[in-house]
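Colleague: Relying on the hints, combine the two individually framed chains into one complex.
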Amino acid sequence: MDRRPNSQENGRFKRRKTADMETRSDPLLTDMREASPVSSDDDGGVKLEGYYNKPAAPKQEKENADVESKLLQSHDDSGSSSKKRQRKEEEHDSKPNPYLVHQYEKPTKKESDPKSNPYLAHMYEDEEVEDKGYNGYSHGYGKPMNRTNGVSDASTLARFPRHKTTAAMAKKAEDGPYNPFSGKPLSSQYVNILRTRRNLPVHQQRDEFLRMYQKSQFLVFVGETGSGKTTQIPQFILFDDQPHIQRKLVACTQPRRVAAMSVAQRVANEMDVNLGDEVGYSIRFEDVTSQKTILKYMTDGMLLREAMHDNNLQRYSTIILDEAHERTLATDTLMGLLKEIAQRRPDLKVVIMSATLDAQKFQSYFNDAPLLAVPGRTHPVQIFYTPEPERDYVEASLRTVLQIHASEPEGDILLFLTGEEEIEDACRKINLEADELVREADAGPLKVYPLYGTLPPNQQQRIFDPAPPPRRPGGAPGRKCIVSTNIAETSLTIDGIVYVVDPGFSKQKVYNARIRVESLLVSPISKASAQQRAGRAGRTRPGKCFRLYTEAAFKKELNETTYPESLRSNLSSTVLDLKKLGIEDLVHFDLMDPPAPETLMRALEELNYLACLDDEGNLTHLGKLASEFPLDPTLAVMLISSPEFYCSNEILSLTALLSVPQIFVRPTSARKRADDMKALFAHPDGDHLTMLNVYHAFKSPDAQANPKQWCHDHFLSLRALQSADNVRLQLRRIMEREELELVSVPFEDKNYYTNIRRALVAGFFMQVAKKEGNSKTYVTVKDNQNVILHPSTVLQQESEWLVYNEFVLTTKNFIRTVTSVKAEWLLDIAPTYYDITTFGTGEVKNSLQRTIEKVRRKEATKGPGRR
Amino acid sequence: MAKLTTTPPPSAPKPAPDDEEEDDYMSMTIHEPTGPLEKETYTARRIRIQRESEARSRSKSKSELAAAADLARDSALSTALPSTSKGFQMMAKLGFKPGNTLGSSTNTHARTEPLGVVVKEDRGGVGMENEKKRKFREEAAAVEGIEKRQKAEVGDYRERVGREREEKRVEGLAWAAMRVLEGLEAPGEGAEKVPSGKVNVLWRGLVRERKEKERERRARYDLLQSLSKNASYAEEDEQDRQALGREEEDVEEEDEELDAFIALEGKERLRRLVGCLREKHFYCFWCKCKYEDESMDGCPGMEEDDHD
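Heads up: the sequence lines are chains A and B, in that order.
Following UniProt numbering, the numbering of the first sequence begins with 1 at its first residue and continues without gaps.
Following UniProt numbering, the numbering of the second sequence begins with 1 at its first residue and continues without gaps.
For the record, the hints were derived by calculation from the structure and aren't laboratory data.
Using N, Cα and C, we set each Cβ at its ideal position, and we do this for glycine too.
Be a bit skeptical, because a hint or two may be false.
To be verified - Quick list of in silico lysine-lysine cross-link-like pairs, PhoX-like style, CA-CA up to 25 Å:
#, chain 1, residue 1, chain 2, residue 2
1, B, 290, A, 782
2, B, 60, A, 771
3, A, 171, A, 184
4, A, 812, B, 62
As the list claims (entries may be wrong) - Derived Cβ-Cβ restraints for the label pairs, each shown as a range:
#, chain 1, residue 1, chain 2, residue 2, range
5, A, 183, B, 108, 47 to 53 Å
6, B, 135, A, 461, 45 to 51 Å
7, A, 669, B, 67, 31 to 37 Å
8, A, 843, B, 130, 38 to 44 Å
Only chain B is shown next, with the shape it has when bound in the complex (with noise of 0.2 Å):
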């Protein structure tokens, strides 16, 4: 009966013994185990007490010994001096109080802190270090944005591969359809020369690319040229072009038509494309044939699902 006594009253919702195991059963939680489960064996331990001396005594790497200045001057520099010193005590009995300043109470330059101290470990100009700050961030929030993007199609990743790879293939025909085209619409060896200008938007396409790859050659060529060249020969020079009849070449920089035909999505110009060589030419880009007439006999239809 002494027992009950150091009991508490009833009143306190106390668990009995019995309910705490059941609730251990139920909430269990598995410790790390505290030490050697079973004892260490003679040599386990000898292996480990050397391990533990030599790890003390190996000296530090210069790197690892900066790293360790680097730390301790920063910590030591981020902490106030403790109120306890007697330079605290000295100023204490002149009314001063911690948080307060120096010098006249009315001014405000008054500096609470020591001035820090910044380490410049590089030859940055003024305003580098910030620069690459906000570049960073500025990445970071892009690479942040396409991973969003990317989480959302995290699922469908074998379907946009998929997507891709069509595009491609698209993109593909729809530059053979052009060539295709081009055979069929453009003037003979012999004939007049059709300024870029005026061939059919189709494949304008297809003329544009060629001039620029041969422009590049040529500047190329040139700058090889020049190098070897005497500085005194001056190249060619805007009367000269105009004289030997090369001036055209830059007329049709500015081809809105056919700026906003290559906008388009490649499904839509491979449509298009198609469409063109069946109602002009009677040709099927699928069949890969010129027929005798609109009818065009014997062709499956218009779409290359229709081919198969």
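If we strip away everything but chain A, and leave its shape as in the complex, we get (with noise of 0.2 Å):
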């Protein structure tokens, strides 16, 4: 199934992969019907604080959000900045372009107010929100042995034999009149809701699934789409459980912030309580629960965050995993975990919920757990093939689409493609094409919607307009298109599909230690992935698959399933973690899919040199203040450096704006006026610098005037940007917390610019490249790749040296976000990974070698002492 590495969601940021936007599962993508994809706001964050040292005052969320409004009515109303305004008017008038920071570096008039520099875009923080909420971190972590609850003695439940329940016993306590959990008598609405929970199908198995239950400590249980696993199981158990009396909790992982949302509420719903309650969740960004609650839904991320520092999970009875086959690098890591804890635990007990067919697996890894099924609620699919191969995959999609439009019975139709250039472009061919057909052969009207994860909301939802009605009423049928990325897949539902046509192909994300690179390339997809495809034509009733290849190549050349996220990606964040969950025996660790020993290799040595581990793969004092941070290694290093270099204020932003999703929109429609806005923002010396020209360009009280216009006049990202101001919050609470310094040079000072770079170096010193002779090339140090700077840079002089944010391998070896930094910086911020004596021969060797002379040279004329 989806194995897409689902950054977000593992509770730490990951440095963001512009290039993985294609198959990133945006969970604002996931049930969008629960939640509005508007409100959601997906991008970023931090990890839970609450149960840190320093928990906020609790406020009720409600007061947050007046207090937030008020905050932003003020800021707005403000005198102080409507003066500011007029101000940097005043600046606008002697400088055509306010956005070409660089041009500012000699300012003509100096400005005494610090306060009044756009460009220090920290300083208006203070006057704005100061306390932003999420800060009902604290809610769920009163002392557990402390709580109280709403369940009296004389309810029914009290009187129930912990593990020893029967669905009858259950049923009876449901039945109510009063709420077994709250004492409250029950709501019509509950009664309703109870019917309809009553037809699920795991609702036939609940005896069954009790027994297993409480026979086990290990349980796996299957079920499809549509089975009621995800809201029925988690509330089978509390009955059975029984938390509120252990004073424990029942925790249910989600890998994705939406559905641990959706789910919570759905369920709230259903046991007739308050969101918050009895039933709550917990993302990174909110902590939606009480001293009451039993059942928490969380990301798999959160409950591993929450691990690092309660290392046998002790506040919790038992821990569902749901959706373990999407095999998150979260949940791998924590099925290890889990393994281990429940030795030291025998009262813990553990379900794993998979949707699919390699139980079997989880069964073995689990010591031969018990297994339990039961059967979705979906209609038959039946599954065509190509009698050949196909020449050319999308030319035969759209064929195919055209053909089932012109002589299949009503229902929409799903395509699969593999990337957002060629689903626009396909989506471009299909109207045109049917067009005619709706010309030339009298067939109904036909839709067509795009759909990938760097689709704005608005367009995205246009996927649940109704299909269009026949153009005269007894016509041919009217239907809709959608051109999706594998999101589609799993990620969200689409009533009304009957066709689904699949290619068989995916941009997967692979990270390779030995050259160090992410590729993201079309790839064939899995067995299970198709299955999965398949399913989604049976939805609503019988529909049909149409696979764009053979019979045989299906049986041959698909992998079983998809590569789970484990064997994917770069594991240095990862072994931070393990490292804090108190993992000493890396090399053994017990994961259900072990990744190649070179990824570890390497996960090692990065961390060794960024002196997070020490030479014994001990943590060390940086190491350990590094896993605080919710952020890749790397970036964390940096911003933990930060102060040295006296601009941490800055690389604060620019670490909050690497975290999130690409802050740079350019829409194919308007490529060219997209472009000539960004190079308004563009600083000679590269990405990073041109990206922090825009946050700061964004805080200023012009931009804040009306943000959404703003961003929409300069071709930005609003969610983006907002969500990066949340990330910088969250950031600099850790960071305030953790007593690292907030310091700025004044942005006239000549060093502004140069100490943010030499910063990066602080960080990025594993990701630079050195220009290549004369060409336009460069080659990454130390691995000698040949790669070239990726089209969207604004870096234009020529600039031997780079730091880079990624290297991706798409149609060729790209570099992205880069800026140029000088070999000194590099010699002097990094010496041990540039110790001249570890470089072979080549252009890289001989270069350091000559700076490292001329640095000689410098100070012997400059006499004894630091340059």
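Modeller: Dropping the structure here:
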């Protein structure tokens, strides 16, 4: 199934990988029906901090919202900001381009008040939202032993023998008349929901489930989509496990944030309680739980974070890992961890829930745990193969879609393609051809919608529009055709799909430790994935799936399952996590699919160079500090060392910007204008500084007056910038807690940008490329890979050395988001990595050698002392 | 005598210097000249240096660069990280040895190598790549087969060409003989039409060929007509055709007798045709004339060779 690395969900930010936009499982897309994508902000986030030393004063969520809106208002109305705006407008007059910051390097007039400087964006914060909420963290973290709950001893539940209950007993308790958990009378809505709940497939096997659950510590539960497992099983467990009596909780993990939120809401309704009371959820930005909470939905990353501070997960009596088939890195790590914890805690029960066939693998991994399977509620899907392999899968899919439209009865079409460009192109072509079909063959109208991660939410929402009606009563049926990446494979469900066209490809992200490249390549999907795609046709009624490959190819060429994230990721983050979880022997840590040894080798090496691990493999002070940040180690180290370079405010902003999706918007229809707008912010030294300019401009009163319009005008993503703001706030809290100074030099200082560039090197010294002779290509230091600059770069001048944010292999070897640096800095800031003796002969070594000599000469002329 | 002490004992079979010279003469190898035989002139040197520096300074073309990048990537991707790396040393402290895998020792899923990187450069569907490979293999095998056969015949190329030319000529003669036979046997203009199945098998091929041509012509004509025709004008249906008496044309499709005859070699067919002409019509195909009676006076014989 969908094994896309779900970087947002494992509770720790990844560096932004722009290239993965296509396959990024956008949590926004999950269950769009339940949660409006506009309201749910998925981008970036910070790990849970409530159980750390300083829980913020608990406030009601509502209050927060009010305070927030007030603050925003006051900010908008404040006289000071309008004054500032005025001042800035004056500047505008003298400078034609307000965003070309480098022009300011010698400002004509000095601003005495740094607060009025638009490029010190961090200055604005003080007057803005001081505590922007999200401090509900502490809610669920009261001392468990003191927790009280609403269950009176007289309640039916109280007399239930723990781990000896039956379905009949639970049924009686459910029937009321009082809520077995809160003790309040049950509402009529509850009764209605209860009726539908009892029709769900899982309900038939409640007794069987309970018997197996009671007997064994581990249980593998397989339920197809629509079986009701995510909502019902945790409730079954509540009645039997009775966590409230133990003063413990039941946790149910989800790979996606939005799923955790929406499922929690649903279950709260089913149990007739308020969300946040008995049933709550905990995701990166929000912790909606309280002292009363006995069932907590959470992201898998969140549970992992909790385990770092509570190594035995003592707060929980039962842990349910849902959607385990998605095999995210966090779920896999949790499984390994739970195997160890279970030995130390015989009272802990673990239920693994999966939607697919590889249940046996789970079973054997968990020491032959018992298995219970419940059928789903899906309709049969007829599968068609092509007789011959296709020459051009895109062309073949267009043909198939049109053929379906021309000859099949009513029903919508879902076509899977691999990426944004391919999808947009296909949509255009289908539209053209469909128009012709309408004109010439009297076909019904066909609406075509694209769907991919980077599509703005309002356009994503359009896929739920109903299919167009026939042009005249009784005419050929109208239908819609959705052309999607594999987002539509698992992450969201579109009703009405009857025909699925599956060319058998998706873009897959794979990290290779040997050359440290993240490849994003079109590859054949797995059999499991193909089954999942086909299943999409049978959601509402019997459907058809057209596979654009032969049956022989399906059997022979496709892997059984998609590679789990643990095999496809850079493990340095995970290694840091495991160290913090107290796992000493990383080599023998029992992962379900252990990655190649070289992957671990590389992760350890990188952490060692970053000084997070010592030569013995133990966490250093810096390593401990870095693991407090929900960031990639590289970013964390850069942020931690930024005060030394007098630019921690700026690096904080930059780190936030690198942790959210792409801030620049470049619609196909307006590429030129978007590029022109980007040029306004361009800094000649590179993309990092350009992003910083954008953020500073975004924070200026000018932009904040109407951020939506401003972002629209400047081809920027408001969502991304807002979440960068959020991330920045969260990271700042951690910095303050860890007593890391927040400093800046005045913008007028000639070293303002140099400091930032030097601080970049402190984290990214392993991601450096050197120009190759006089050509336009670069070569990565140490791995010696020929790379070219991604066309999106603003870097114009020739620059010998660059740091890059990512090295991706798509059609070519690209480095993306680059900023020019100097060889002297590399030698000065990362002397261990740039130890000249460790380099093989070549241009890189020669150049470094020359630099060393140059520095030496300089020092000699200057006399003793530091340069 | 001091020299003698350094020489090896006589038991060691070391050839004497004079022997060596003789050996050299027998198995002389010509060495590649290691350097310029004569001294490089000033101009030659200048040109050489210039050429070399040009080659160095020439910026590589895009495709060359791409090829170089791919090569570097692929070779690096297939090279394992060395065991000198710090990461390896840290793992070694935990008991890791080269060739081991990570995770539980009983886990059979553990990977030994990182996932490969395969760059897909075309839009071929799933299975196309292997299909192409299979076809390529088959073609290669077929080509190999032909080559083998050809190799055997390499010596008698002339013979083969001659034989091919002869076969073609005989084929032509057979058709000519068929036409002659038709002229002798076909009913006259006014006579009742004989169904093609009843015609002498020896020249029935001629009839069939003519009909096929006609049908093709008509099909092409129909096609042209239908393109300009309004769609509502249905084409002649089964009944129309029957009514118009055209259906018999399709009858003779399966004619085993004729097929058997055509399957014969050209020479044999010609022999039979010539024989038939002689016996039935006293006509000599080679003399190109009809004789009075079966004695066929004046004709030199059955064979073409007789008529030189």
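Colleague: All the hints need checking, so say for each whether the structure fits it.
Modeller: Do the hints match the structure? See the list:
1. B:290 / A:782: Measuring from Cα to Cα gives roughly 97 Å; hence the hint is violated.
2. B:60 / A:771: Between residue 60 (chain B) and residue 771 (chain A) the Cα gap is close to 14 Å, so the pair holds against 25 Å.
3. A:171 / A:184: holds (17 Å)
4. A:812 / B:62: holds (12 Å)
5. A:183 / B:108: 47 to 53 Å: For residue 183 (chain A) and residue 108 (chain B) the Cβ distance comes to about 52 Å; the hint holds.
6. B:135 / A:461: 45 to 51 Å: Between residue 135 (chain B) and residue 461 (chain A), where Cβ atoms are some 46 Å apart, the hint holds.
7. A:669 / B:67: 31 to 37 Å: Given range 31 to 37 Å: holds, Cβ gap about 35 Å.
8. A:843 / B:130: 38 to 44 Å: Given range 38 to 44 Å: holds, Cβ gap about 41 Å.
Taken one by one, the earlier hints fail for this structure only at number 1.
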